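Residue numbers (this note's numbering), protein chains in the order written: chain A, 41 to 206; chain B, 19 to 676; chain C, 567 to 666.
Since the hints were derived computationally from the structure, they do not count as laboratory data.
Because the structure is a prediction, the values reported are computed rather than measured.
Check each hint, because a few of them may be wrong.
Claimed, not checked - Only part of the chain B face toward chain C is listed, based on derived beta-carbon distances under 10 Å:
#1 Ser401
#2 Gln636
#3 Ser637
#4 Gly638
#5 Val640
#6 Arg641
#7 Ala644
#8 Val645
#9 Ile648
To be verified - Sample of chain A residues lacking proximity to chain B, with all beta carbon distances greater than 10 Å (derived):
#10 Ala43
#11 Gln65
#12 Leu121
#13 Ala194
Each residue gets a CB set at the ideal place from its N, CA and C atoms; glycine is no exception.
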Amino acid sequence: MTAPLIIFFVLAALAIFGAVSLILQRHPIYSALSLIVVMVALAGLYLLMGAEFVAAVQIIVYGGAIMVLFVFVIMLLNAGLEERTNFSGLATYAGIPLALAVSGFIAAAIARSGGYLPAPAPSGALTSTKTLSMLLFTEFVYPFELTSFLILVAILGAIVLAQREN
Amino acid sequence: MPIHEHLRPILEYLWIIPLLPLLGSAVNGLLGAKWPNKTVNAVALGSTGLSFACALEAVREFMAGGQAPFRKEFFDWIIAGNFRAGFDLQLDQLTVVMVLVVTGVGFLIHIYATGYMAHEGGYYRFFSYLNLFMFFMLILVLAANFVLLFVGWEGVGLCSYLLIGFYFLKKSAADAGKKAFIVNRIGDFGFMLGMFLLFRAFGSLDFQTVFAKAATWQPDTVGQFGTLTIACLLLFMGATGKSAQLPLYVWLPDAMEGPTPVSALIHAATMVTAGVYVVARSHVLFTHSPSAMYVVAIVGCATAIFAATIGLVQSDIKKVLAYSTVSQLGYMFLACGVGAFGAGIFHLMTHSFFKALLFLAAGSVIHAMGGEQDMWHMGGLASKIKVTFWCMLFGTIAITGFIPFAGFFSKDAILFAAYQSENSGKAFYAVGLLAAILTSFYMFRLVWLTFGGEKRYDEHHVHVHESPGSMTVPLMILALLSLVGGWFAAPALWGGPNYFAEFLSPVFGNAELVGGEAAHSLELTLSIVAVLAAGIGLIVAWRMYSSKVVRGTSTGLHKILYNKYYVDELYQATIVGPLVWLSRNVFWKVVDVGMIDGSVNGIAHGTEAVGDTVRHAQSGNVRSYAVWVIIGAIVILAIIFWPLWRPAFFVATSGGVR
Amino acid sequence: MVPTNYYLILSAILFGLGIVAFVFKRNIITLFMAIELMLNAVNLAFVAFSQSLGKPDGEVFVLFVIVVAAAEAAVGLGIVILTARNRHSLNVERVDLLKL
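Can you build the whole structure from these sequences, using the hints too?
Have a look at this one:
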């Protein structure tokens with residue numbers, strides 16, 4: 041049991057715990073907080089894999105902006121405990137088996153073909169921030185510009201949607 | 019080359035002969051609805067008259083060209099692989115006879131019809147149909163291949179239907195039209211099969227090709243059903259339909275529902291002769307098939323006597339003439355069946371003269387009597403409508419075969435040829451002679467019932483008047499033709515040449531009978547016997563009908579004959595009835611309503627049912643939508659991952675994966 | 567070193583839990599959070615592959631995913647606010663006006 045492996049299991053357990061908590065909590069604010077736990081755990085995993093820029097972005101953007109947005113909206117709408125309605129029989133009974141099936145498929149596929157993934161490189165060797173930004177502005181400049189356009193559209197959309205009716 | 023060889027305007031444009039009536043028909047039909055009778059007359063008579071003039075000119079050119087058979091291909095109609103059926107017209111001696119008869123008698127009947135139909139509604143329509151009929155009949159006789167002939171064949175059948183059912187508001191007329199067309203169709207089925215067989219055997223349907231090739235074949239022996247025999251029998255089946263022989267004659271008596279000019283033109287002079295024409299035209303095929311000829315002769319002979327017996331007791335003047343027509347057509351087929359094609363055509367020509375005359379005279383009587391057709395309500399008309407009487411008498415004498423009228427020569431030629439035929443010739447002769455006696459009897463019965471004795475009608479209700487000139491002039495012309503029409507063959511009586519047979523001999527081969535003096539005296543003897551037979555009929559009819567006569571009740575044999583041997587009822591019960599039952603209960607109720615409508619409606623209902631079930635998936639509930647999305651994702655994942663896990667199924671395609 | 571497979575299996579588990587959350591929760595906002603969870607699981611897979619193959623392309627794609635998730639969350643929550651105002655309820659099962 042090497043140190044990275046132990047850290048991996050700890051962070052993985054934390055992530056899974058957060059996800060399960062998200063499902064089991066009845067108040068949305070607790071679900072939001074559980075999601076933050078998951079994200080932090082994932083950020084830790086990214087660091088473990090040597091993707092420090094991504095980890096930082098994860099914490100700043102995902103945890104610090106998106107989740108804060110979620111929390112604000114929950115507060116704004118005064119969301120209370122979740123109602124216990126159940127109009128869809130299909131969802132109730134088929135939900136878990138299907139989810140298990142999907143994950144099972146993917147996991148089985150990974151497990152069976154696992155031998156063909158090359159061994160991980162030593163961490164930190166390739167994926168420095170500098171490398172990433174070089175890629176972003178040369179090879180991926182087109183998606184980069186498009187996503188900036190996308191953000192603009194999202195801002196406009198959010199403004200229009202949230203306007204009070206006059 | 020003599021200059022007249024270059025100037026052959028009509029022959030080069032032979033299509034003008036049928037085209038003129040077609041134009042007349044189109045103009046009258048499309049534009050004539052509001053025209054006064056005079057204009058319609060001008061168009062109809064003008065086109066038919068011009069056609070007759072062109073036919074005369076064509077004949078003159080033909081004669082001037084040394085009577086060389088003329089054939090011209092005008093345009094390609096059907097080309098399929100090696101098969102070619104073109105719009106080819108031809109003119110040879112046989113065609114000359116037919117064309118002159120069709121256009122000449124047709125023209126006279128058109129003139130008559132202008133008087134007869136003067137007060138009828140749908141005047142323009144009548145002449146449009148009549149001209150259309152002329153067009154198709156001319157196509158039929160001028161055609162140089164079986165396909166074009168069949169076009170004319172079908173076309174005259176169509177026009178016959180249209181004209182029989184001219185008074186279409188009258189149910190019996192409409193039914194008669196349908197009956198004619200349907201019964202003809204049955205014959206046409208055989209005709210078409212015959213054509214197909216000929217095509218298979220000879221590779222072409224041109225008369226030239228077929229007859230030339232057939233001439234080189236070995237004739238079938240009696241009783242052998244080779245290709246030629248079967249083809250001839252099938253063609254003859256078509257001829258029985260069109261020319262009203264047993265068993266497809268049933269439409270002709272009903273066809274009397276049409277106006278009298280129609281009966282005269284179509285059902286006496288021209289359309290019903292088409293069957294005889296086809297048999298005569300295909301004489302090469304028939305002479306190679308003794309069995310078929312025998313069948314033709316038997317059917318013709320049987321029809322002659324059968325129809326004559328029915329005509330003995332009919333009371334409608336037109337029905338008597340209709341059965342007489344069937345009977346005389348039987349004679350023509352008898353002639354063809356024993357090999358005397360020339361005699362058959364001769365009788366066709368003379369018959370068209372006197373039968374048209376008889377029908378037109380009957381029409382004149384009906385017109386005079388204000389529409390009455392039952393002879394038992396006539397009588398004593400001789401002094402009142404003299405012209406009609408004399409014309410009818412001329413026609414009767416012609417048909418019964420008294421010398422020197424036309425019928426004598428033609429009927430005599432047929433009976434002589436029958437007598438000399440090898441297979442049961444004497445029997446044919448005997449039956450034919452008996453039919454001649456019957457013919458004479460019922461024709462004179464008709465004359466005496468109609469014109470003789472005392473009047474059996476009420477003079478206050480019926481104002482008997484002579485017909486107008488437009489009707490009587492054609493009658494007189496036809497009467498003249500009935501007298502002189504047979505004189506072509508007259509010189510044979512005293513040992514001279516038979517001009518008519520000689521004229522047709524290039525077509526039929528030398529039909530002159532060998533045997534010299536013995537044959538000649540035999541012929542004279544038989545002629546005298548024939549005249550005596552006619553005389554017997556005349557005397558019996560005179561005794562029975564010339565003076566006051568009372569109509570008895572119809573019992574026993576009389577009843578059977580009066581009801582036409584119940585043949586129509588037999589057909590109705592055995593063929594028509596079951597077919598109608600089958601159509602109604604199986605094809606309509608089961609197949610059409612049940613299966614076809616059912617499946618189409620069923621598809622609609624099924625779609626509706628499926629839609630009704632599937633719509634429940636659209637519940638508006640996001641969670642169930644999510645589940646459906648997941649199910650779809652699983653399906654796609656399964657499809658993607660299946661080759662990975664069961665590579666044995668994908669041996670060829672899994673190379674890329676592993 | 568941690569074998570790549572472990573990361574991938576964790577990613578699969580998180581994805582499955584995201585699906586379960588999406589199917590079972592009734593609050594609209596919680597549904598959005600489930601979506602975010604699924605996206606995160608996918609990000610984890612991307613980074614894992616990127617590390618194992620030695621190419622930084624996977625991480626770049628993760629950046630794009632995060633950006634898109636942000637945009638989507640912004641607009642989506644705007645819609646959520648409007649829906650909540652109109653239907654006076656945050657229960658997704660009350661928003662079923664499109665049912666046949």
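Here's how the hints hold up against the structure:
| no. | hint | verdict |
| --- | --- | --- |
| 1 | Ser401 | violated, 94 Å |
| 2 | Gln636 | holds, 4 Å |
| 3 | Ser637 | holds, 5 Å |
| 4 | Gly638 | holds, 3 Å |
| 5 | Val640 | holds, 5 Å |
| 6 | Arg641 | holds, 6 Å |
| 7 | Ala644 | holds, 5 Å |
| 8 | Val645 | holds, 6 Å |
| 9 | Ile648 | holds, 6 Å |
| 10 | Ala43 | holds, 34 Å |
| 11 | Gln65 | holds, 18 Å |
| 12 | Leu121 | holds, 18 Å |
| 13 | Ala194 | holds, 22 Å |
The structure fails hint 1 only (numbered hints given earlier).
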